[in-house]
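Enquirer: For the record, the sequence lines run as chains A and B.
Quick note on UniProt numbering: the first sequence kicks off at 1 and runs consecutively.
Quick note on UniProt numbering: the second sequence kicks off at 1 and runs consecutively.
Don't read these hints as lab results, they were simulated from the structure.
Glycine is no exception: its CB is placed at the ideal position from the N, C-alpha and C atoms.
Don't take each hint at face value.
Unchecked claim - Short derived list, chain A residues pointing at chain B, Cβ under 8 Å:
id: 1; residue: G98
id: 2; residue: W99
id: 3; residue: P101
id: 4; residue: R103
id: 5; residue: Y136
Unchecked claim - Some chain B residues well away from chain A (every beta-carbon gap over 12 Å; in silico):
id: 6; residue: E76
id: 7; residue: A139
id: 8; residue: D183
id: 9; residue: I188
id: 10; residue: S519
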Amino acid sequence: MNLSSIKQLASTKPHFIFTINFSITNSFPYFSSVKMDEFVNLEATELRLGLPGTDNVCEGRERVSCSKRALQGAAENETESSTMKTETSPPRKAQIVGWPPVRSFRKNIVQTKKNESESEGGRGLYVKVSMDGAPYLRKIDLSCYKGYSELLKALEMMFNFSAGEYFEREGYNGSEFVPTYEDKDGDWMLIGDVPWEMFVCTCKRLRIMKGSEAKGFGCDV
Amino acid sequence: MASVSLLFVTLLSVTLYINIKSFILWDQSQTFLPSLSDSVLMDRRFPFKVLEHIFSFVDSNEDRNSVSLVCKSWFETERRTRKRVFVGNCYAVSPLKVARRFPKMRSLTLKGKPHFADYNLVPDGWGGYAWPWIEAMAARRPLLEEIRLKRMVVTDECLEKIAASFRDFKSLVLTSCEGFSTDGIAAIASTCRKLRNLELRECIVDDLGGDWLSYFPETSTSLVSLDFSCLDSEVKLSDLERLLSRSPNLKSLKLNRSVTLDVLESLLRRAPQLVELGTGSFSDELDPEEISKLTKALSELKQLKSLSGLWDLLPEYIPVLYSVCPRLTSLNLSYATVQMPDLIDLLSRCSKLQKLWVMDLIEDKGLKTVALCCKELRELRVFPSGADLDETDVTLTEQGLVSVSEGCQKLESVLYFCVQFTNAALVSIAKNRPNFRCFRLCVMEPFAPDYRTQQPLDEGFKAIVERCKDLRRLSVSGLLTDKAFEYIGVHAKKLRMLSIAFAGDSDLMLHHLLSGCESLKKLEIRDCPFGDTALLENAAKLETMRSLWMSSCFVSFGACKQLSQKMPRLNVEVIDEHPPKTRPDSSPVERIYIYRTVAGPRLDTPEFVWTIHKKPEVGVSRLAIR
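Let the hints inform the model, and build the full structure from the sequences given.
Expert: Right under this line is the structure:
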């Protein structure tokens, strides 16, 4: 059932391909928070307002392009999760046909801009930046900055904090915030230790640590 | 003008009142009234000339449709005086009948595919062919001056036929059309000597190069508007410059993306009278001298009211636009990938702005600026910049729309894409702006509840339909139960178009809508769990509507058959790859498009569209004639 498959995919957990019949009772409007396992058992006792003989409704809908895509997406997630390493990103939401309802030429325009910047080798190095205590993440383009000072200034402006002064031995002095980054190996490093070019190549994401967690980086709190 | 309408209203009340049906049928074979009333009317009838004169003041086609239902003589007079003909669904009536009915037709507007075709929900080849209409008009109405088509398939043959058949042809406006190439446009440009408007809005064109531009006549042209923003290929600068020089009446010019920034100045110098400008790409490197020349050229456009294009606008070029901002009433920044601070910089200078299209890069802060500075704002559209749902790294939340609804008193039309929303925000928005006529909210996360309370968005949309009494168009999204649709059915009495996706719990949802919304004309639904019952119970309602689109719902093939057999004037079309015959009646149908028509089942259905036949024993017929 493509409808329920979509509802499943709306939650961000990896999940199984599952088809269920839709119930007429209003007992579960909050789909995304309910685990799929519970529904396995409910199937037998569900009330439905379908035409007689519609038990096999769900099976017949596989040809539907929308559910096809949803199922394909879910299938990919399954194989991914079976060979998953710890740092694999969460499965991408399956593409639903015609959603969000934006004209395709409008989608393509933003897309081509992204592709252009990506293909220009080195330009458009977007990495996510998180700050402890902030509700949402930001993304910045590392190729916009020529060095650490520019980067730090930008981060300070973006998140409204002060990083203090960087010392090679002691790390950042004068602030409870410590800018760190995750490198290719998955390790969390202090920003500023390696040469800028190396940093740009190996940086996967940034994180501005705060308070107690930052102690290990040898700064004065 | 007011006194004439008063006279007209008095006339209406003086003449015998005949039962005016709730929907329009153009079938001339229908008898309108019994002969008794007819003969009574003959005595009281106003002379044709007087009626004709009065009707010439009736512009709105809806009013004209009502007028034509009063009595036979009014029908005749009205049809002989109607100049602008609008057909909302090209399959609702045959081209021949329309051509015959309106001998003085000068302008024809047609719409083809269902609205959801914009989002790839209608497969290619579905239909909506312009050819039968153009052929019919070419044969019978050679004085036709304007053709406006939306979501139709237009071929080069069509365009060549237009060029060859209508000697006074003045205006061609194609919106979201496809099927033609630049050769067809060249035919129009070269042959239609009186051409005033040539607008290709968001069309898919087979672009064979920029030569078409050189086909305009060498002597001065009568062009008033030219829009080729959807084309890809480069046009020759010299062709464009010469065209502008010899088009003194040109008021609206929309360039395509391949027109680079360095040539813009030279073009503007030749068309200082422009009221609407769509620039090309705004991202090339200019040296300071070029920048100042461009700035000057823009400041010379004293009449400029509307600005669009601005592809890849670079922040350093925003000051170039400062001079035009104070006069702008319409600004389309939906291709300008600039960030919020730059947008604020620009928008804070646009105090007269009435229409703003922008991407969500504007963020809440930017919308707050809009609320403060753009007090004349009537229409706002905020499009998503990230292609995927995952990529939401902009801080655009419901707060942005709340701010604008607070600050902009005249706001009446909104299209807003947002990741999530709250009931409280919707209630605020409704309280602030009861004057909404069009409210389209797209919460991009399907089934997303109010993210603060985890409740469905029922209460929020209830506030919208309760308060906004003039609401004509509504798109709902987010987590919605049947209750939301009960509220819509009860309150949204003037609602004409409703779009729904991923919502509701059961048949009740559809039942509330079809039994409650009196003015509903277009309903489009995708991925909602209702089934057959509501559809069959409210079948009569469907004949009062233009069309109903349903995809990925639980309507069975059997119900479609029943519906089609019950309602003679509906075409029930099933869009499905596999022949419905091979499946049981109870199997659900993937996509259905139901529309009222007096033309019977259409003859141009492709392989995957099945019109349900009216005769039970036939079942389904394709009636495909190639």
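Enquirer: A separate judgement is required for each hint: does it hold in the structure or not?
Expert: Do the hints match the structure? See the list:
1. Using the Cβ-Cβ criterion of 8 Å, the hint placing G98(A) at the interface with chain B is satisfied: the shortest such distance is roughly 4 Å.
2. The interface hint given for W99(A) holds, since its Cβ lies 7 Å from the closest Cβ of chain B, which is under the 8 Å cut-off.
3. With 8 Å as the threshold, the beta carbon of P101(A) comes within range of chain B, its nearest partner Cβ sitting at about 5 Å, so the hint holds.
4. Here the hint on R103(A) is kept, as its CB sits about 5 Å from the closest CB of chain B, short of 8 Å.
5. With its C-beta approaching chain B no nearer than about 7 Å, Y136(A) sits inside the 8 Å limit, and its interface hint holds.
6. The beta carbon of E76(B) is kept farther than 12 Å from every beta carbon of chain A, the shortest such distance being approximately 43 Å.
7. Against the 12 Å criterion, A139(B) stays outside the reach of chain A, whose nearest CB is about 35 Å from its own CB.
8. Separation of D183(B) from chain A is adequate, the least Cβ-Cβ distance of about 21 Å exceeding the 12 Å criterion.
9. Residue-level check passed: I188(B) sits 22 Å from the nearest beta carbon of chain A, beyond 12 Å.
10. Residue placement check: S519(B) keeps its beta carbon more than 12 Å from all beta carbons of chain A (closest about 23 Å).
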